[in-house]
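Asker: Residues per chain are reported as follows:
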Amino acid sequence: MSKYNVNMARLFMMTGIVLLLAGLLLGLIAAQFYVFNQQTVLGLEFSQLRPMHVSAVLFWILMGASGAVMFAMISRFERAFSFWLLVFQYACWILTIVGVFYAYLHHSFGGREYWEFPPIYAFPLLLSWLAFLLNFIRVVKGSKGWPVYVWMWMTGIVFFIFTFLESYLWVFPYFRSHFITDMTIQWKANGSLVGSWNQLIYGTSFYLMERISGDKQLARQPLTFAMYFLGLFNLMFNWGHHVYTLPTDAYVKYIGYIVSMTEWIFFIKILYNWRATVSEYSKYVHYMPYRFLVAAEWWVFINMGQAILMSIPAFNLFTHGTHVTVAHAMGTTIGINTMILFGACLEFLTPKHSEMVLKHKGFTVFFWMIQLSLFVFWFSLNSAGLVKGYMQLSGGEYTFHSMMNSLTPVFWVFMIAGWGITIGFIGFVVLYLAKIRRPITP
Amino acid sequence: MKWFRLSKRKVLVSLVLMFMVYSGSLYLTPLFMHQEETNSIHPIADGRIVWQKYNCQSCHQLYGLGGYLGPDLTNITGKEGRTREYMEAVVKTGNARMPSFTMSDQELESVLDFLESVNKTGNADPQSFLVTGFGMIKGTDE
Numbered sequence: 070m071s072k073y074n075v076n077m078a079r080l081f082m083m084t085g086i087v088l089l090l091a092g093l094l095l096g097l098i099a100a101q102f103y104v105f106n107q108q109t110v111l112g113l114e115f116s117q118l119r120p121m122h123v124s125a126v127l128f129w130i131l132m133g134a135s136g137a138v139m140f141a142m143i144s145r146f147e148r149a150f151s152f153w154l155l156v157f158q159y160a161c162w163i164l165t166i167v168g169v170f171y172a173y174l175h176h177s178f179g180g181r182e183y184w185e186f187p188p189i190y191a192f193p194l195l196l197s198w199l200a201f202l203l204n205f206i207r208v209v210k211g212s213k214g215w216p217v218y219v220w221m222w223m224t225g226i227v228f229f230i231f232t233f234l235e236s237y238l239w240v241f242p243y244f245r246s247h248f249i250t251d252m253t254i255q256w257k258a259n260g261s262l263v264g265s266w267n268q269l270i271y272g273t274s275f276y277l278m279e280r281i282s283g284d285k286q287l288a289r290q291p292l293t294f295a296m297y298f299l300g301l302f303n304l305m306f307n308w309g310h311h312v313y314t315l316p317t318d319a320y321v322k323y324i325g326y327i328v329s330m331t332e333w334i335f336f337i338k339i340l341y342n343w344r345a346t347v348s349e350y351s352k353y354v355h356y357m358p359y360r361f362l363v364a365a366e367w368w369v370f371i372n373m374g375q376a377i378l379m380s381i382p383a384f385n386l387f388t389h390g391t392h393v394t395v396a397h398a399m400g401t402t403i404g405i406n407t408m409i410l411f412g413a414c415l416e417f418l419t420p421k422h423s424e425m426v427l428k429h430k431g432f433t434v435f436f437w438m439i440q441l442s443l444f445v446f447w448f449s450l451n452s453a454g455l456v457k458g459y460m461q462l463s464g465g466e467y468t469f470h471s472m473m474n475s476l477t478p479v480f481w482v483f484m485i486a487g488w489g490i491t492i493g494f495i496g497f498v499v500l501y502l503a504k505i506r507r508p509i510t511p
Numbered sequence: 108m109k110w111f112r113l114s115k116r117k118v119l120v121s122l123v124l125m126f127m128v129y130s131g132s133l134y135l136t137p138l139f140m141h142q143e144e145t146n147s148i149h150p151i152a153d154g155r156i157v158w159q160k161y162n163c164q165s166c167h168q169l170y171g172l173g174g175y176l177g178p179d180l181t182n183i184t185g186k187e188g189r190t191r192e193y194m195e196a197v198v199k200t201g202n203a204r205m206p207s208f209t210m211s212d213q214e215l216e217s218v219l220d221f222l223e224s225v226n227k228t229g230n231a232d233p234q235s236f237l238v239t240g241f242g243m244i245k246g247t248d249e
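Top to bottom, those sequences are chains A and B. All residue numbers for the first sequence refer to our numbering, where the first residue is 70 and numbers rise by one. All residue numbers for the second sequence refer to our numbering, where the first residue is 108 and numbers rise by one.
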């Protein structure tokens, strides 16, 4: 297997980790606006900091997942990636990142949620994904009997491209001119976009478990595939739960509601498999990458329970437009996606002969700092959201200003917990760099 | 019957086809809009560009979707005291949390027209919804 391709996959993951740390720091700075009445922090406005934070963490997820998928495929398939396509893909990413942050620093926007940057930077981003798709097809072409994670990676890449294009339909006046349809399509695209990168990440999680446990049947069982198709079904059809209060067509809302409720199947499956999960945990708990996977399992359970409740329209009325939505977004992005990808990066970047250094106590300290801080962070945002939801439904008694003022103590807790998460991840990475010295082959 | 046997490929193709039909139904919706809904096309289309140019969505929401530092602006133009002059002043001078924006007169006109058009699309106030059967909700003006 080509060491150049391996190094490219490593480069994607390492760039992703840099973006994660930057995103965490930017989030900390942006949180200041919630506790202090001010228009700028470090000379930057919230309208700049929020998209900088969102883009940094989103790019961490996408680059980290891309690198993890590449690394896994290099070790699993005999056919090689095209090195020059990988270089092209990476170059497009760097062009996008530099352009996007330059734009934000100069108050240049023009896009929408998740992609607030000027639409011109969507081109290199799209090209990078097309290159990824071409390389993916090159590697898997002709191979049969794919395990579930290869199916998930394929659908993740294809659906990302589709939903990314869909999220730019507003460029055409035909769509932009009809506000309700435009909003419906925007939140359809955003919902499915999240689902697409979840496919990449959960696929990586399956691959990791196969690699750590050595159990090759895990990713080939009929039940595993049934869960994959249920997940895909939700990716495609459950997004209507974003738009219950939008005066769009009723069928969109009913489809979103009914499909979202099928997630109870996942929830019940996690509960049913709990004992097996716990006994498996005792076998691999000493292994740090595995701990991050287990942490992600807990966060899946907590966030899925929350998500299912939020998908019930009557409950959604209470939480929509409040910080409960932020709690869900952060809880899933950090608690699930980041935990899995960080675990994958640890597994793939750590030299075989250096695995023992991950047993240093410092890693355990930082790991628990991240988990506990994240729980406080998630809980405080939910608390703020539920209080705001109550106030919104209290007959006009509260102005927006009075609502935000009354929530300031909770925002302080949220900001301090954010410090805990950031210090945890930065501490972990700094300690890791201090302990690990050599490159890896898969 | 052999053709009816479930395979992963058939399930995937079926799901993709259903997804394309569902997506297509949404994309074609504007073709069936009523006349009164088409009267606000230009304010919506042009004003939305200004809204995005100044990244208003980073702090504000429309129908509860967007940022949470500022209030939802879906029905701001319909609120008592929120005259056009008042909103122009807020945009130009800002307040404790909101910075001032240097928009051209045309941009300011455009974004306020946009908000007036959005206001006419419906009511985003959670109090304006009723809970119906099976946990579903319905706007009182639907």
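Because the hints were derived from the structure by calculation, they are not lab data. Since the structure is predicted, the reported quantities are computational estimates derived from the model, not experimental observations. Any given hint could turn out to be false.
Said to hold, decoys possible - Straight-line Cα separation of at most 20 Å, PhoX-like style, residue types lysine-lysine; simulated pairs:
#: 1; chain 1: A; residue 1: 421; chain 2: A; residue 2: 72
#: 2; chain 1: B; residue 1: 227; chain 2: A; residue 2: 213
#: 3; chain 1: A; residue 1: 338; chain 2: A; residue 2: 430
#: 4; chain 1: A; residue 1: 428; chain 2: A; residue 2: 338
#: 5; chain 1: A; residue 1: 338; chain 2: A; residue 2: 421
#: 6; chain 1: A; residue 1: 213; chain 2: A; residue 2: 285
#: 7; chain 1: B; residue 1: 160; chain 2: A; residue 2: 210
#: 8; chain 1: A; residue 1: 285; chain 2: B; residue 2: 115
#: 9; chain 1: B; residue 1: 115; chain 2: A; residue 2: 210
#: 10; chain 1: A; residue 1: 213; chain 2: B; residue 2: 245
As the list claims (entries may be wrong) - From the derived model, a few chain B residues whose C-beta atoms are all more than 12 Å from chain A:
#: 11; residue: 153
#: 12; residue: 179
#: 13; residue: 190
#: 14; residue: 191
#: 15; residue: 194
#: 16; residue: 196
#: 17; residue: 225
#: 18; residue: 230
C-beta: ideal position from N, C-alpha, C; glycine also.
Asker: In ascending order, which of the hints set out earlier in this document are inconsistent with the structure?
Answerer: Violated hints (numbers, rising): 2, 3, 4, 5, 7, 10, 11, 12, 17 and 18; every other hint is consistent with the structure.
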